[in-house]
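Participant: As given, the protein sequences belong to chains A and B, one line each in that order. Position 414 of the first sequence, counted from 1, bears residue number 413 in my numbering, the numbering being contiguous throughout. Position 406 of the second sequence, counted from 1, bears residue number 405 in my numbering, the numbering being contiguous throughout.
Think of the hints as simulated: they come from the structure by calculation, not from any bench. One or more of the hints may lead you astray.
Identical chains share a label here; the pair holds if one copy fits it or two copies do between them.
Said to hold, decoys possible - No farther apart than 25 Å at their CA atoms in a straight line, the calculated lysine to any residue pairs in the SDA-like style are these:
no., residue 1, residue 2
1, LYS361, THR334
2, LYS328, ALA39
3, LYS287, VAL276
4, LYS284, LEU357
Protein chains: 2
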Amino acid sequence: MFRRLLTLDQAERLLQERLNPKPLGVERIPLLHASERVLAEDVKAKINIPPFDRSTVDGYAVRAEDTFGAEENNPAELRMCGTVLIGELPKVRVGKKQAAEIVTGAPIPEGADAVVMVEHTEKEAGLVRVFSGVGKNANVLKAGADIREGEKVLKSGKLLGSREIGVLAALGVAEARVYKVPRVAVLSTGPEVTEPGKALLPGKIYDINAYSLSTAVLECGGEPLYLGVFPDDLEELREALKKAFTCADIVVTSGGVSIGPKDVMPEALGSLGKPGVILSGIAIKPGKPTTVGMIGEKPAFLLPGHPTSALLVFHLLARPIIRLMAGRKREIDSTVKSIATARMFSAKGRRTFVMVALKRDKSGKTFAEPVSVGESGAITTLAKATGFIVVPENVQFIDSGQEVTVHILGKRLFD
Amino acid sequence: MFRRLLTLDQAERLLQERLNPKPLGVERIPLLHASERVLAEDVKAKINIPPFDRSTVDGYAVRAEDTFGAEENNPAELRMCGTVLIGELPKVRVGKKQAAEIVTGAPIPEGADAVVMVEHTEKEAGLVRVFSGVGKNANVLKAGADIREGEKVLKSGKLLGSREIGVLAALGVAEARVYKVPRVAVLSTGPEVTEPGKALLPGKIYDINAYSLSTAVLECGGEPLYLGVFPDDLEELREALKKAFTCADIVVTSGGVSIGPKDVMPEALGSLGKPGVILSGIAIKPGKPTTVGMIGEKPAFLLPGHPTSALLVFHLLARPIIRLMAGRKREIDSTVKSIATARMFSAKGRRTFVMVALKRDKSGKTFAEPVSVGESGAITTLAKATGFIVVPENVQFIDSGQEVTVHILGKRLFD
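Just chain A, with the same shape it has in the complex (with noise of 0.2 Å):
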């Protein structure tokens, strides 16, 4: 049976167009608890920052006229009136030829349009003798110079860090209106996959992917729920499926497919609803048998099972759907030129990913070096790969000591 498989781009085009991937809806949290969400608003400032005239410096609040023409020689004298604290509205209104005591950040209190900084005065039994003339508005930070009421401080989409954190802080949000987090279902197949802290059974294996492809699902913005093992059976596989898109928004599973026509995951798949499968198998390598299917408007990624290709496939295809249904961004790979310690080849008219191990000599250049993914060394690799670099479907090889372009897999560059 020959089948003229997609290519990648039309893999990505297709995903894109039936899935169509948008945020699944908005809730309010805490501020304290929106680090690593995305915002799902416009914010507004609903208050001027700073809320009210404050002085910038210790000193006295003054009229400014009051003090023109002051210097060393000849001083302003002006009458103490009293003391603004700060973190309240000022008790003393500044007449004519007065001064009230105002310290850093306190509101300028009425009358008064300027402060001298204290360094340039003296104090001396209910006077003031200012050495300094100063003009209107000096060391006073306006109403609102910071940000304007109603000005828009922060974007809808915007992933929220340190920064905007306090930024939302500032303005008195005490609670931020974010993206949900879309709810990834993740299940491993096979008859020979152990989970995990249970005892191995001869002719078993450990779960691998269930796992890895959790944690990657965290990586991207998603709430992992780990759904567990389940064998190659049709009516097992059904009824794991049909509880994973009852709890979750998108379904991940590995192990099950492959470029045959009676694969049993497809099947249980396709046996729950439409529009079932809408593709089967990419040119790529590794990951050719990689399936994906909608129940409603509910993707399930079936990818296979090697790990690595489990996980690469993950990367290239479930990744930018799971970040544009939490909000984000789809975003561009994070890349790291280096340099080709080996050659590479491609796999005839397909998209061949390779994986490498990061390496950074003395001076500082970073060398890619393959480790490869065949069935000798799938966890080494794994635990080895720090990304992968693509051979295009129509470059025969990349060369040894050839600049290359390596994408990141998952967050980290070296350990």
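With chain A fixed as given, assemble chain B onto it according to the hints.
Facilitator: Showing chain B alone in chain A's frame:
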């Protein structure tokens, strides 16, 4: 009162020596919760991976010598002796001139030492014709070929991401031994400071720092404990700090410090125990009044009240200490090369940090645009500044058009 301030390098060395930051202890947690945690032990494989000799193809398990010389026109004829299922101990033994059906991943049955791919065979009435001879171990992945029992697979100190968690799962590890997360108490001071969500009374402003710093704590691997806002009152601050030291491993405050001798925050700290203040004032701009103290073994960072200064000094001094206490590497900053869009001056004799916004033009060139850290735009700066440029003590200015290194504050480069 003139006093020579420590340089930043001296301050960093002092903190390293006095605080001697190291992990706080070890705990076991479920592997699915171990994302972003730091491994606290070398992990050695307790099993071979794969745990048994496995077939890497679908086909027939055979004795290789029975197929020697087999070719298209001269097939070897073997007798079917049974089927090996995946995930269980083979119930069949392959004798001389026999073959057992086998699928990818299933254990090699006793007697067999190679697998012939199904594509090179023909099955007929209890007989299997092999059209292509195989050598010993052909299509067999030997037990331990990927990872050998006893092999060191992950090193202590490794930050756990999707790949590492997959590797641990493969080894059957259901609980990871990781370093404890340092608890960091965060509080703000100032009689004018109000918690977001509360009504803003006249003369008050909303708190920023406890929010931005709590988030910054999360971003470097700590657990923030938000304690709230306290007035500049010695007794109240003493109580707040006492509570902070009881519930946390590290204390971070902002406000209530300057270079004067009578600041309330250092006084409150000093009154709590020994050694008290160990560092007061650093020759940097901004951030000069930064104070660091210790009560017993626990550090307290007393940061300036200005939001951007507080976050910057946290990044420079507190973050590396928290990272080390979390078992992480000290980490060199994430940096980006870019082009200065304006001349940036150093403050005389102080290492100067110029906050900048990164902009990228269509050609992909990156520009660093200074944003002021003055009183006049505290929040605007926080909203805009992606990172900072360092103007060294001995340099007068960095010129517009010059290539500069931008250090990223927080986690992200662009929006």
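Participant: Does each hint fit the structure? Answer for all of them.
Facilitator: To see whether the hints hold, each was checked on the structure:
no.: 1; hint: LYS361 <-> THR334; verdict: both (21 Å within a copy, 18 Å between copies)
no.: 2; hint: LYS328 <-> ALA39; verdict: within (13 Å within a copy, 34 Å between copies)
no.: 3; hint: LYS287 <-> VAL276; verdict: within (15 Å within a copy, 62 Å between copies)
no.: 4; hint: LYS284 <-> LEU357; verdict: within (21 Å within a copy, 37 Å between copies)
In the structure shown, no violation is registered for any of the earlier numbered hints.
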